[in-house]
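**Q** Sequence:
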Amino acid sequence: MTAFFPGRPVIDAYGDGGFRFAGMSHRGSILALPSGVYSWTADGAALRPEDFEGVFAERAEIDHVLLGTGRAMARPVRVVTEAFAERGIALEAMATGAAISTYNLLLAERRRVAAALIAVA
1 MTAFFPGRPV IDAYGDGGFR FAGMSHRGSI LALPSGVYSW TADGAALRPE
51 DFEGVFAERA EIDHVLLGTG RAMARPVRVV TEAFAERGIA LEAMATGAAI
101 STYNLLLAER RRVAAALIAV A
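For the sequence shown, position 53 (counting from the first letter as 1) is numbered 53 according to the numbering used here, and the numbering increases by one without interruption.
The hints are simulated quantities; they were obtained by calculation from the structure and are not laboratory data. Remember, it's a predicted structure, so these values are computed and weren't measured experimentally. Keep in mind that a hint or two might mislead.
[Claimed, not checked] So the derived label-pair ranges between C-beta atoms look like this: (1) Arg110 - Asp43: 26 to 34 Å; (2) Gly23 - Gly88: 32 to 40 Å; (3) Met24 - Arg78: 32 to 40 Å; (4) Asp12 - Gly88: 29 to 37 Å; (5) Asp43 - Glu109: 28 to 36 Å; (6) Glu92 - Ser35: 30 to 38 Å.
Beta carbons: idealized from backbone N, C-alpha and C, even for Gly.
From just these sequences and the hints, can you work out the full model?
**A** So, in C-alpha cells, the structure goes:
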C-alpha cells in the first residue's frame, strides 16, 4: 500500500466522489492512518476484515477508528466489529461527514485516531 500523502493532514472537504486534504484532492475512498492517507477500494455495502489490513498493520499507533459509511450511517457486519475487538481497537461507524468532523477534532487533540472514509458522490 503506497501513501497518497504521507503524514496526518486534516480532511478539508468531501463530496463529488472524493476528498480534499493538504492542498490536494483524491477521487475515491480513503484510509487516513498515522503513516499517511491511502486510497481505499473497499465496497461500503460489503466490508470485510480484509478491507482493514492497513489499519490493523498500524494498530500499535491506533486506539480508535472512525468508519465513514457514506451519506448515512450503516453498521458494519459482525465479523468486522469482531476483528476490531480482537485487536483492541475501538470502531465507530457514522456518516462520512460526521466521521470527518470527529476525525479532525480528535486529530487536533493529538489522539491516536484513524479513519476509513467511504466517498460520497
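**Q** Determine for every hint whether it applies to the structure shown.
**A** Cross-check of the supplied hints:
| no. | hint | result |
| --- | --- | --- |
| 1 | Arg110 - Asp43: 26 to 34 Å | holds (32 Å) |
| 2 | Gly23 - Gly88: 32 to 40 Å | holds (35 Å) |
| 3 | Met24 - Arg78: 32 to 40 Å | holds (36 Å) |
| 4 | Asp12 - Gly88: 29 to 37 Å | holds (31 Å) |
| 5 | Asp43 - Glu109: 28 to 36 Å | holds (31 Å) |
| 6 | Glu92 - Ser35: 30 to 38 Å | violated (21 Å) |
In this structure, only the earlier hint numbered 6 is contradicted, and the remaining ones agree with it.
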